[in-house]
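Residue numbers (UniProt numbering), protein chains in the order written: chain H, 1 to 289; chain C, 1 to 289; chain X, 1 to 289; chain W, 1 to 289.
One thing to keep in mind: the hints can contain errors.
Calculated cross-link-like contacts (lysine to any residue; reagent style SDA-like; alpha-carbon spacing at most 25 Å) [to be verified]: (1) C:K264 to H:R244; (2) C:K154 to C:S139; (3) W:K134 to W:A82; (4) C:K19 to X:M178; (5) H:K117 to X:N208; (6) W:K166 to W:V205; (7) X:K134 to X:D64; (8) X:K284 to H:D59; (9) X:K255 to H:D59.
The set of hints was computed from the structure by calculation and includes no laboratory data.
Number of protein chains: 4
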Amino acid sequence: MYKKGTVSRARLLISCPEKPGIISTVTNFLLEHNANIVHFDQHTTDPQAGIFFMRIEFDLEDFDSSFEKLEQDLPALGRDYALDWQLNSNEKRKRMAIFVSKMNHCILELIWRWKSKEIPVEIPMVISNHVDLKEEVESYGIPFYHIPMSKETKEHAEQKALELLKGEIDFIVLARYMQILSPNFISKYPNQIINIHHSFLPAFVGANPYVRAFNRGVKLIGATAHYVTNDLDEGPIIEQDVQRINHRYTEEDLKIAGRHVEKKVLAEAVSWHVHDKVLVHGNKTIVFA
Amino acid sequence: MYKKGTVSRARLLISCPEKPGIISTVTNFLLEHNANIVHFDQHTTDPQAGIFFMRIEFDLEDFDSSFEKLEQDLPALGRDYALDWQLNSNEKRKRMAIFVSKMNHCILELIWRWKSKEIPVEIPMVISNHVDLKEEVESYGIPFYHIPMSKETKEHAEQKALELLKGEIDFIVLARYMQILSPNFISKYPNQIINIHHSFLPAFVGANPYVRAFNRGVKLIGATAHYVTNDLDEGPIIEQDVQRINHRYTEEDLKIAGRHVEKKVLAEAVSWHVHDKVLVHGNKTIVFA
Amino acid sequence: MYKKGTVSRARLLISCPEKPGIISTVTNFLLEHNANIVHFDQHTTDPQAGIFFMRIEFDLEDFDSSFEKLEQDLPALGRDYALDWQLNSNEKRKRMAIFVSKMNHCILELIWRWKSKEIPVEIPMVISNHVDLKEEVESYGIPFYHIPMSKETKEHAEQKALELLKGEIDFIVLARYMQILSPNFISKYPNQIINIHHSFLPAFVGANPYVRAFNRGVKLIGATAHYVTNDLDEGPIIEQDVQRINHRYTEEDLKIAGRHVEKKVLAEAVSWHVHDKVLVHGNKTIVFA
Amino acid sequence: MYKKGTVSRARLLISCPEKPGIISTVTNFLLEHNANIVHFDQHTTDPQAGIFFMRIEFDLEDFDSSFEKLEQDLPALGRDYALDWQLNSNEKRKRMAIFVSKMNHCILELIWRWKSKEIPVEIPMVISNHVDLKEEVESYGIPFYHIPMSKETKEHAEQKALELLKGEIDFIVLARYMQILSPNFISKYPNQIINIHHSFLPAFVGANPYVRAFNRGVKLIGATAHYVTNDLDEGPIIEQDVQRINHRYTEEDLKIAGRHVEKKVLAEAVSWHVHDKVLVHGNKTIVFA
C-alpha cells in the first residue's frame with residue numbers, strides 16, 4: 001500500500017452545463033497530473049441540455065508538489081471549459097462552527113464523531129445564546145462564546161458573531177439553535193450553514209413540529225438536515241430520516257424519540273458536507289453518499 | 001388444540017370515559033360467558049380523565065350459542081357502564097367495496113392478499129369511473145361496475161354508487177380512486193372509507209404529490225392510508241411508510257417507487273381495519289397492530 | 001392531574017400457566033388496592049395450554065401505604081394462583097453496572113440517556129479490563145474500577161468483580177466488553193446481564209463479525225442486544241436492528257457504521273429492561289415495547 | 001428532447017485490473033463513437049492493485065449504425081487494455097425464465113412489474129415441478145412447462161429443462177423454486193441464476209428458515225436474493241431486506257410477513273440484473289443501484 005506521508009487523498013468537485021466529452025477532459029487532466037482516481041461520481045439533470053455534476057476522489061503521490069500543480073493549472077481548465085470547480089484535500093480540514101441553544105444531543109453527537117475521527121474537522125468555536133452548555137463544551141477544549149440574543153439585540157448579536165467567525169471557520173452547523181438568522185448573516189455563508197429541523201419537511205414547517213405531529217396523529221416522525229436560506233425551512237435538503245411511533249407516544253415521548261433521529265440525520269449531513277459529497281443545484285442537493 | 005368447527009374467535013372493541021375497574025368489569029363479563037381471552041390490548045388518552053379503549057380477542061367454544069348469548073347480554077353491560085362497544089367474529093366476514101380509477105397496483109395487492117387469505121373479506125363489488133380494469137377485476141370473479149363521473153354528473157353518479165352499495169358492503173377502500181367524494185357520500189360511511197394518499201401526509205396534501213416531492217428535493221417519499229373525512233387528506237391516519245430516494249430519481253421514477261409503498265401501506269391499513277385493530281379517536285387512530 | 005408527591009407509578013409483571021379468568025383475578029386484585037391501570041399488556045404462547053404473560057403499569061395514590069399493602073398481599077395471590085410475579089415502582093431505580101473495554105460509543109450513549117433522564121437508573125460503577133475510559137467515566141461522577149483480565153487471572157478477576165457488585169447493583173450491561181464471562185459469573189445474574197453483539201444474530205456468531213460480514217458481502221449489517229447465557233451469543237434476543245451498506249464500504253467502514261446501530265440497539269434494550277418491558281420465556285423474550 | 005426512434009440508450013460494463021488512465025481511455029473511446037454519457041458508476045477494490053469496475057449508461061443517436069460500430073471496435077479496445085467488457089442496449093430485452101413450485105407471491109410480483117414495464121424483459125417460459133400455477137401463468141400469455149422432479153428423476157428432469165431453455169433465455173429466476181439445482185445445471189448459467197432465500201443470509205442457511213427464526217426468537221426476519229453457485233445459499237448476495245416482527249408472530253405469521261419481503265427483494269434484484277447494474281467479483285457483488 002501507500003507509504004505514509006507521501007500519498008494524500010484529494011477531491012475535485014465540478015459543475016457545468018452539459019457538454020460532450022466533459023468526463024474525458026477532466027479525467028485526462030487528472031491523469032496528466034498523476035492523480036489516481038479512487039471514487040468517481042457523476043450526475044446530470046438532463047443528458048441533452050442539463051447541468052452536469054462530478055465528484056472525483058483521487059490519491060496523489062508527492063502530495064505537496066502535485067497538489068500545488070493542480071491548484072495552478074485548474075483555473076485555466078475551468079476557464080476553457082466554463083467549469084465551476086472546487087478542490088480540497090484531506091491535508092486541510094474544514095473548520096466548523098457550531099451554534100447551539102440549550103439542548104445538547106445534536107452537538108454531543110457531532111463532538112463524539114469528531115473525537116472518534118468519523119468527522120474530520122476542526123471546531124474553532126461554539127456560539128450559543130445561552131450559557132447552559134458552556135461547561136460541557138469547554139470540557140472538550142472547544143472555545144465557547146455566549147452571545148445573548150433578543151429581538152432588540154439581534155442585529156448587534158449577529159454582528160458580534162460574524163466578527164468572531166470571520167476568517168476562522170468554513171461552515172456553520174445549527175445544532176438545535178433556536179434563533180432565526182437574518183438574510184444579512186446568511187448571505188455571508190451561502191450553502192455553508194446546515195440546520196437540523198425536527199420534522200420531516202415539508203411537513204410541519206415552522207415552530208413546534210412535535211406538538212403538531214402529535215395533534216395530527218402521524219405514525220412516523222422525522223428530521224431534516226438542510227442548508228439555510230432566507231426562506232424558513234425551505235433550503236436545499238441534505239438528509240432526512242424517520243422513526244416509527246404509535247398511539248402510546250405522548251408529546252414528550254415524540255420529543256425524546258425525535259432526538260435520536262435528529263442527531264443521526266444532522267451528523268450524517270455534516271459528514272457528507274465535510275467530505276464534499278453534497279452539491280447544491282437550485283433548491284435541491286445532489287448527494288454522492 | 002381446538003376441534004375444528006366447535007371453537008371460533010371473536011373480538012370485542014370497547015371505548016368509554018376512563019373509570020375505575022373497567023378492565024375487571026369487562027373481563028369478568030367475558031369470563032362468565034366462557035370466553036377464553038387470546039389477545040388483550042388497551043389504551044387510555046389520560047389515566048385520570050381520558051378516554052379508555054380496549055380490544056379483546058377471544059375464543060368461544062360452542063360458538064353459535066355462546067356468541068348469541070354475548071350479543072344478548074352486551075347491550076345491558078354497555079348501558080350500565082356507558083360503553084361504546086362493537087362485537088365481531090371470524091364467522092362473519094366484512095364486506096369490502098373497492099373504488100378504483102386506472103391504476104391497478106393497489107387493487108391487485110388487495111386482491112392477492114384476499115385470495116391468499118391474508119385479508120379475510122368478501123369483495124362484493126368494484127366500482128370505477130373508468131373501464132380500464134374491468135376485464136382484470138372480473139377475471140377474479142368480482143363484479144365490476146363502471147360509473148363514469150364528471151363535475152356535472154357527480155351527484156347522480158354518487159347516488160348510483162350508493163344504491164349499489166346499500167346493504168351489500170361494510171366498508172369502502174379507495175385504491176387510487178382519483179375522485180373526491182362529496183360530504184353527503186362520506187356521511188353514509190363514517191370511518192368506513194379508507195383512502196391511500198401518495199405522500200407522507202401532512203406533506204404534499206392535495207394533487208400531484210410526487211411532482212411536488214421532486215421539486216422540493218425530499219430524500220424520502222411516502223404514502224399514507226387514512227379514513228376519509230370532509231377535509232381533504234385530513235382524516236385520521238391509519239398507517240404511513242416511506243421509501244428512500246436520491247437525486248437520480250426522475251418524477252417518473254418517484255411514481256414507480258411510490259407504487260410499492262402505496263400498495264403495502266394500503267394493504268396493511270385494510271388488514272388492520274378488517275381485523276378490528278383500528279379505533280378512531282377524534283382525528284387520530286389507535287392501532288393495536 | 002395528580003398532585004406531585006402523592007401519586008406514583010408502579011409495574012406488576014406476571015407469568016403463569018394459562019388458566020381461565022387470570023386477567024379478571026389480577027385486575028380485581030389491583031382494583032381492590034386502589035391501583036389505577038395506565039397500561040396493560042398481555043401475551044400467551046397458546047390460549048389453551050401455554051404460558052400467560054402480563055405487564056400492568058398503574059398509578060397509586062398515597063404511594064407509601066398503597067405500595068406496602070400491595071407488597072404484603074401479593075405473595076398470597078401468587079400462591080393461590082401459582083403466579084410468578086414481580087413488583088416494581090418508579091420510586092426505586094434499578095442499579096446498573098456497566099462493563100467496558102476500550103470502545104466508548106455504547107457506554108457514552110447509555111450515559112447520555114441516563115443524564116437526560118431517558119433511562120432512569122443509578123450507575124453505581126463501571127468495571128473495565130482496561131484503563132482507557134477511566135478519566136471519561138469519572139468525569140460523569142461514576143466510580144470506575146480497573147480489573148485487568150487474562151486467561152490466567154480470569155477466575156480471580158471475576159471474583160473481584162463479583163465482590164464489588166454484590167448488593168450494589170441489580171443488573172449488568174456489557175457495553176462492548178471484550179471478555180467472555182464464566183458460567184459461574186453468569187449464574188449470579190440470570191437474565192440480568194445484557195450484551196450487545198455486533199452482528200445480526202444468528203449471523204456471525206463469535207469473533208470478528210464485521211470482517212466476516214465484509215467477506216460474505218452482505219448488504220445490511222446489524223446489531224443484537226441479548227441476555228447473556230452460557231451459550232455464547234445464544235441468549236434471549238431483546239432487540240435487533242440493521243443498517244444498509246454497499247460495496248464501497250471497507251471493513252473499517254463497516255465497523256464505523258456498525259457503531260451507530262450498536263449504541264442504539266443496546267440503549268433501547270437497556271431502556272426496556274429498566275422499564276420492566278422485557279419478559280423471558282425459555283430462550284426468547286416477550287417485549288411489551 | 002430526443003426524437004423518438006433515433007436515440008437509444010445502451011450500457012457498457014467493464015472490469016479489469018486497476019491501471020492508470022482507464023477512465024480516460026474508455027470515455028475517450030465512447031466520445032469518439034458519439035456516445036452521450038448519462039450515468040457513470042465506478043468502483044475499485046483497491047486503488048493501487050485492485051480490480052476496477054465501471055458501468056456507463058449512454059445515449060446513442062442513429063442507434064443502428066452507432067451501436068454496430070461500437071460492437072465492432074470494442075473487442076480491439078478490450079484486447080489492448082485487457083478489459084472484460086459487456087455491451088447491452090434497451091433495444092434488445094433480456095429473456096428471463098422463471099422457475100416456481102407452488103407459491104405464487106414472487107412470480108406474481110415479477111409478472112406485475114413486467115406488465116407495468118418496470119422490469120423490461122421478455123418471459124419466454126415458466127418451468128415448474130408442480131402444476132398448481134399453470135392456469136394463472138398461462139392467463140398472462142406466458143408458456144408454462146410442467147417438469148415433475150423427484151430424487152430419481154432429477155437428472156432427467158434437469159436435462160429436459162436445459163433443452164427447453166437452450167438458446168431461448170438469458171437468465172433464470174428461482175421464484176421460490178423448492179428444488180436444489182445440480183452443479184451441471186448451474187455451470188450452464190454462471191451468475192445468471194437468481195434465487196430468493198427466505199432468510200437474512202448467512203442466518204438460517206438451508207431448509208425451514210422461518211421455523212428456525214421463530215425458535216431463535218429473532219426480532220427481524222429477512223430475505224436474500226443471490227446468484228446461485230454450487231454452495232447452497234452461499235452465492236454472491238445481490239439484495240437483502242428485513243421486516244420487524246414481535247413475540248405475537250406465530251410461525252405461520254412469519255411466513256406471511258416474510259412473503260412481502262421476499263417478493264420485494266427478489267423483484268429489485270431482478271430489476272438491477274436486467275438493467276446491468278450488478279457486477280460479480282468473487283463471491284460478492286457490486287451493485288450500482
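Going straight from one Cα to the other, do K255 (chain X) and D59 (chain H) come out at no more than 25 Å?
holds, 23 Å
With a cut-off of 25 Å on the C-alpha distance, tell me whether K134 (chain X) and D64 (chain X) pass.
With a Cα-Cα distance of about 39 Å, the restraint between K134 (chain X) and D64 (chain X) is violated, given a limit of 25 Å.
Hint check: K166 (chain W) vs V205 (chain W), CA-CA at most 25 Å. Holds or violated?
Distance ~31 Å between K166 (chain W) and V205 (chain W) Cα, so the pair is violated.
Does the alpha-carbon distance linking K284 (chain X) and D59 (chain H) stay inside the 25 Å limit?
Given pair K284 (chain X), D59 (chain H) is violated - Cα atoms ~50 Å apart, limit 25 Å.
Would the pair K117 (chain H) and N208 (chain X) pass a check requiring their Cα atoms to be no farther apart than 25 Å?
Between K117 (chain H) and N208 (chain X) the Cα gap is close to 22 Å, so the pair holds against 25 Å.
Restraint status (C-alpha distance of K154 (chain C) to S139 (chain C) at most 25 Å):
violated, 28 Å
Holds or violated: are the alpha carbons of K19 (chain C) and M178 (chain X) at most 25 Å from each other?
At roughly 52 Å apart (the allowed maximum being 25 Å), M178 (chain X) and K19 (chain C) break the hint.
Taken at face value, is the distance from the CA of A82 (chain W) to the CA of K134 (chain W) at most 25 Å?
This hinted pair is violated, its Cα atoms lying about 47 Å apart.
Against the 25 Å threshold, does the CA-CA distance of K264 (chain C) and R244 (chain H) hold or violate the hint?
holds, 16 Å
Hints 2, 3, 4, 6, 7 and 8 from the earlier list are contradicted by this structure; the remaining hints agree with it.
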